[in-house]
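2 protein chains.
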Amino acid sequence: MDLTDLLNRVFYPKSIAVIGASAKPDKVGFICLSNLLEFGFRGKIYPVNPDLSEVLGLKAYPSIRAIPDEVDLAMIVIPAQQTITAIEECAASGIKATLIISSGFREMGTTTGQDLQARLRDIADGSGMKVIGPNTLGVFNPGNNLLASFQSSFSLARAGNTAVVSQSGGMCSYIVNALASHNMGVSKAIGLGNRCNLDFDEVITYLAEDDKTKVILLYLEGLEQPQRLMKVAREVVRKKPILVYKGGREELSNEATLSHTGALAGEFRFYEVAFAQSGMISVNSITELIDIAKALSLQPAVSGNRVAVLSVQAGGGIVIADKCRELGLVLAELSSATKARLRKFISPLNQVDNPVDIAWKATDFNACCNIINAVMEDSGVDIAIVATVFWGPTIALMEAVTNLTKDGLKPVTVCLDSPCGAADAHIESIEESGIPTYPLPERAVTGLAGLVEYGGIIRDSGQK
Amino acid sequence: MDLTDLLNRVFYPKSIAVIGASAKPDKVGFICLSNLLEFGFRGKIYPVNPDLSEVLGLKAYPSIRAIPDEVDLAMIVIPAQQTITAIEECAASGIKATLIISSGFREMGTTTGQDLQARLRDIADGSGMKVIGPNTLGVFNPGNNLLASFQSSFSLARAGNTAVVSQSGGMCSYIVNALASHNMGVSKAIGLGNRCNLDFDEVITYLAEDDKTKVILLYLEGLEQPQRLMKVAREVVRKKPILVYKGGREELSNEATLSHTGALAGEFRFYEVAFAQSGMISVNSITELIDIAKALSLQPAVSGNRVAVLSVQAGGGIVIADKCRELGLVLAELSSATKARLRKFISPLNQVDNPVDIAWKATDFNACCNIINAVMEDSGVDIAIVATVFWGPTIALMEAVTNLTKDGLKPVTVCLDSPCGAADAHIESIEESGIPTYPLPERAVTGLAGLVEYGGIIRDSGQK
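Respectively, the protein sequence lines represent chains A and B.
End of the first sequence = 719 in our numbering, gap-free, step of one.
End of the second sequence = 719 in our numbering, gap-free, step of one.
If we strip away everything but chain A, and leave its shape as in the complex, we get:
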């Protein structure tokens, strides 16, 4: 069975067994089963627990062998010591995809834990089975109503075009939750945990061909064979951007680990170089990850870095200009023809320059359209940012931005804050028209710079 078929069983299973399904609401084996049901999984569910005949309205089975039908994905939520038998039974039943939520393996740092994981791997490899985890939070595919995880909060996330592949379940959760909070949708999310015999390079290979995924986000801590990821990434980034956040950058200062600091810090530098060489965009925080992902999920990559800044408030324009400079963007020089056009629409109280000061004209839809058109049609402008503090009447400006996108606007990001959610409905509609929106001026620049960075990556990959 090839990798695509195997991972289709993970992300699009027709049937799932939950080994260790429980009737006790505080047990992970209950929560996982309950999440499958609550999130509306449309396939068959087979709870497996020898002590139960029925759970959450479903018939329970005493063992994997007792399940009468084919099982695409087996979720395993039982103590580590018992997983070996379970995996053997899965293998004997021809199950090719398993998801081991349980911990107690290599992450323990003990010989017992390492041995258990090695045995899992041998059994899985011997039968052509893929094991997700162990020690993982599971798999999430909202477009297919699949929440195979204990992480109930994922039910708040909507389907979209951004995939999350994480070594850590916790970081996977922070990232998926942050996507949800930032009005972004998830195509697939997967926690790889201890990566028994399924690793980043394989999932990325699958996601490269997944037409639901436009942007791939990685959180990773350490890889045994980073060159495998790098090799795959180098090809995938020609089609889709890969953003990577590396955790575990430094071993910290208790005496036991201090002696390793130098070596490990060196290791992070190695990763940074490897990320850059293989065309991945490396980020330094979840915020940066989300901001760049949002831009790339909605807008095309761009090769030019000359930015026009259109701001209602001069202060926001200045901060944006500062951040542009910091991130390697250049303020476009507007042509004299553009300035002459702008002079007709910009208030006589404002100078015509870049940043373009929209000021009180932000309440005038037609003036805003004319201002934006003049700037966008200047051949010296590659990209733009439009920014305003939320103030009811300035929504005219946002309507002008939204209106113009249909005629092939240059790539643009928007800053529109939303105090206490006051502008959330407006933001939703701006983003529905394909324009990424940020609550703060600096973050709108981070997003725009991501489009330019990815443009450079595509250009470089074409030259190799």
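Rather than coming from a laboratory, the hints here were simulated on the basis of the structure.
Treat each hint with caution, since some may be false.
Because identical chains cannot be distinguished in the list, a pair is counted as satisfied if it fits within a single copy or across any two copies.
Listed below are the simulated DSS-like cross-link pairs for lysine-lysine, each with C-alpha atoms no more than 30 Å apart in a straight line [said to hold, decoys possible]:
| hint | residue 1 | residue 2 |
| --- | --- | --- |
| 1 | Lys-594 | Lys-282 |
| 2 | Lys-494 | Lys-665 |
| 3 | Lys-599 | Lys-279 |
| 4 | Lys-599 | Lys-282 |
| 5 | Lys-314 | Lys-299 |
Place chain B on chain A using the hints.
Okay, now just chain B, sitting in the frame of chain A:
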């Protein structure tokens, strides 16, 4: 009249005249008047407009002179050319505080604009009057139901202990709106605009004595006499932290200004040194400003930098450890006695170390209390971070943190995300107990590092 009396008239006026009050809803003179009323100003309001006898249910006056009573604050919302006469009339009527919303002065970069502003200043200085602005968004004091501004969104902000003093009205708005969105309250906010004859040093001197203000936030672009601010700040920071965000760091790349780049970049380095020497905390984004302000608004400064990290998810703990290192915090070495105590409460599946892995024990209130107590009572720990992804049952951990604060916890910040607002009510109650809460692990570290940075500033200022 001394500065305190003058600025009390600005922030606690008993009566306000609105010169240029309008009956047309799209006019700034209407919006300013309407905001005063809507936000529940409790003093007298005197609209001034010779063309109106009544506006928004209030009697209108043809001129300042026609107002029968004393006016504490005059808001001026008329074209720039007419402000000279208005200010002369204010001076003749003995008004000591004026707020000029109108633009068209020095910010125009024209001789006319500069001359107008110089005349305003001469008149004001000659009569002992302070002019806020011109070219300002106004003044906001939610604790006194005062919204003397066109910025209606400020009505979403609650009263609290954080003051905002901004050269730019737009940046003042972004910051106040961000405070509101981050569950933080405002003591006073003021846009200084062109700083006709009221500047940062004077407002900070006032805020130093304002018992409603615990933290002072500045946004500034350029000062003619930075040493005046530095001198005042050096004293004020002994009592209250001052955070400063400097905009206009670099002149950007159109040809006309390129030749200045070197000089201006040098200027920012000068400001950075000046901020550091005078004990102000310099930040590089609104997000950083908010994150440090939140910590300082709720928690005390601290001198030690040895941090205990308590995380439900290992990945979050690792990212926090990375960020601690980046910001100069040190992972505390837990004593063997502490480790022995922790061993009793932490899952046998987890090692006992720092970061402390709370994992599934996060759902057990008593275990959480015992874990936190053990760490907090370790004399090698100065400060702590408690972090979890939002997942209903982990609220037990948050209740444990909240519960323990009453017994004099060491300074602590919390990371608890809130996908789509799902945990907002919990965050509200955690913060009511005095614990600053952040949506992402890295940001909780930024806040904690701010407490340590301010601790260092207080220590240094005591040694001078």
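Do the hints match the structure? See the list:
Taking the shortest alpha-carbon separations for Lys-594 and Lys-282, only the inter-copy value of 27 Å comes in at or below 30 Å, while the best intra-copy value is 66 Å. Taking the closest pair of Cα atoms, Lys-494 and Lys-665 come within 30 Å of each other only inside a single copy of the chain (20 Å); across copies the shortest separation is 50 Å, beyond that limit. Taking identical chains as interchangeable, the C-alpha atoms of Lys-599 and Lys-279 lie at most 30 Å apart only when they sit on different chains, with a minimum of 25 Å there against 70 Å within one chain. Only between protomers do Lys-599 and Lys-282 lie at most 30 Å apart by alpha-carbon distance; the minimum there is 21 Å, versus 68 Å within a single protomer.
Only within a single protomer do Lys-314 and Lys-299 lie at most 30 Å apart by alpha-carbon distance; the minimum there is 11 Å, versus 73 Å between protomers.
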